[in-house]
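Since the structure of chain A is provided, determine the placement of chain B on it from the hints.
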Amino acid sequence: EDKVVQSPLSLVVHEGDTVTLNCSYEVTNFRSLLWYKQEKKAPTFLFMLTSSGIEKKSGRLSSILDKKELFSILNITATQTGDSAVYLCAVEGDNQGGKLIFGQGTELSVKP
Amino acid sequence: GAGVSQTPSNKVTEKGKYVELRCDPISGHTALYWYRQSLGQGPEFLIYFQGTGAADDSGLPNDRFFAVRPEGSVSTLKIQRTERGDSAVYLCASSDVGQGAGANVLTFGAGSRLTVL
Numbered sequence: 001e002d003k004v005v006q007s008p009l010s011l012v013v014h015e016g017d018t019v020t021l022n023c024s025y026e027v028t029n030f031r032s033l034l035w036y037k038q039e040k041k042a043p044t045f046l047f048m049l050t051s052s053g054i055e056k057k058s059g060r061l062s063s064i065l066d067k068k069e070l071f072s073i074l075n076i077t078a079t080q081t082g083d084s085a086v087y088l089c090a091v092e093g094d095n096q097g098g099k100l101i102f103g104q105g106t107e108l109s110v111k112p
Numbered sequence: 113g114a115g116v117s118q119t120p121s122n123k124v125t126e127k128g129k130y131v132e133l134r135c136d137p138i139s140g141h142t143a144l145y146w147y148r149q150s151l152g153q154g155p156e157f158l159i160y161f162q163g164t165g166a167a168d169d170s171g172l173p174n175d176r177f178f179a180v181r182p183e184g185s186v187s188t189l190k191i192q193r194t195e196r197g198d199s200a201v202y203l204c205a206s207s208d209v210g211q212g213a214g215a216n217v218l219t220f221g222a223g224s225r226l227t228v229l
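From first to last, the protein sequence lines are chains A and B.
All letters in the first sequence, in the order written, are residues 1 to 112 by the working numbering.
All letters in the second sequence, in the order written, are residues 113 to 229 by the working numbering.
Hints were generated in silico from the structure; no laboratory data involved.
Hints may be right or wrong, so weigh each one.
Below are the SDA-like pairs computed for lysine to any residue, each with C-alpha atoms no more than 20 Å apart in a straight line [stated by the list, open to error]:
{"#": "1", "chain 1": "B", "residue 1": "Lys190", "chain 2": "B", "residue 2": "Asp208"}
{"#": "2", "chain 1": "A", "residue 1": "Lys41", "chain 2": "B", "residue 2": "Val228"}
{"#": "3", "chain 1": "A", "residue 1": "Lys37", "chain 2": "B", "residue 2": "Ala200"}
{"#": "4", "chain 1": "B", "residue 1": "Lys123", "chain 2": "B", "residue 2": "Val201"}
{"#": "5", "chain 1": "A", "residue 1": "Lys37", "chain 2": "B", "residue 2": "Ser150"}
Small disclaimer: the values here were computed from a predicted structure and weren't measured.
One chain only, chain A, in its complex shape (with noise of 0.2 Å):
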């Protein structure tokens, strides 16, 4: 069964900390892995990866996926307090249409 498991769940930092976020999976067939970040209610889209060691990166913002260990980090430098969301990672397998399997997320809560 495909799945992605996130950690830590919750996260409490002050502003200017650097925060690391984890996303392993299992997925049949992977084709890309994305990170949204959600702070009211639409997710909004952040990266997606699909081959191994290459980061993206945007701003403050870096992702970084290992296709051998089934997993990808999202790191946050300088945080801000609005940077203060839920950051979902999810997976796409072959052949599913799009259809992502997603985590629970990791809920950031970055303070002044």
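Only chain B this time, still in chain A's reference frame:
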């Protein structure tokens, strides 16, 4: 439209009633997805449309749940004889690729929060 639009944003109903939730995807997106998100959980897949047809409905929990997309654009999720356990946020997403067409990026709507009393 510019984004995925879902209505109503909030729906409170009584146990046993029928509800309809509507999703208007991004214009031109052929693939449309329904997910359900319970408190403290990640979104759970319900059903996926490619055009007008349901390509994968394996996530629908039981036959009280049904979804349609008659013209390949707007979709309606229908829930009959609602139960308290149906209370959740129902998220709709769309994308411009689908089966066998490459890795997908789904764009989500803000969701419809359903509360069954």
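Which hint numbers doesn't this structure obey? 1
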